[in-house]
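Model the full assembly from the supplied sequences, consistent with the hints where possible.
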Amino acid sequence: MPLLQFDTTLSPSAAEKDALAERVTDIYTEEMATTAGHVAVTIREREPADLHLGRAIEGPLVFLDAEIRQGRSFDRKRAFALETFAYVAETFDVPDENMKVVFTEHPGESMMGVDRVGGEWDGE
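Residue numbers (our numbering): 1010 to 1133.
There's no promise every hint is true.
With a straight-line Cα cutoff of 30 Å, these simulated DSS-like cross-link-like pairs (lysine-lysine) come out [unchecked claim]: (1) 1026 to 1109; (2) 1026 to 1086; (3) 1109 to 1086.
Worth flagging that the hints you see were computed from the coordinates, not collected in a lab.
Dropping the structure here:
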């Protein structure tokens, strides 16, 4: 039950936010070998003074905090990050230097909704 949280200095429209959430969900389900029904996405707009990255160059910033179930391989996480950032760079003209992702992994039982509790990852 991942929670994919974007913080950005972009000001996307509602349609752009919907498209971002849908595309990131698609990328996540493909790269992480799961289904879309439990993927949660947040997009939070921030003032430029709110976000800092030492290597950043002129342009918008996008940070992704990916709260995921533990057990995914490095290759799966890296593929998800690269595909997501390729989409963000192309769609919103964000320089590569201005994007960052941090994965935080949780036991399956720590991820839950009203109707279910996550299990352990049994893939690669």
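Going through the hints against the structure:
1. With a C-alpha separation of about 18 Å, the suggested pair residue 1026 and residue 1109 falls inside the 30 Å cut-off, and the hint holds.
2. With a CA separation close to 22 Å, the supplied pair residue 1026 and residue 1086 stays within the 30 Å bound.
3. For the suggested pair residue 1109 and residue 1086, the alpha carbons sit about 13 Å apart, so the restraint of at most 30 Å is met.
Checked against the numbered hints listed earlier, the structure breaks none of them; every hint is satisfied.
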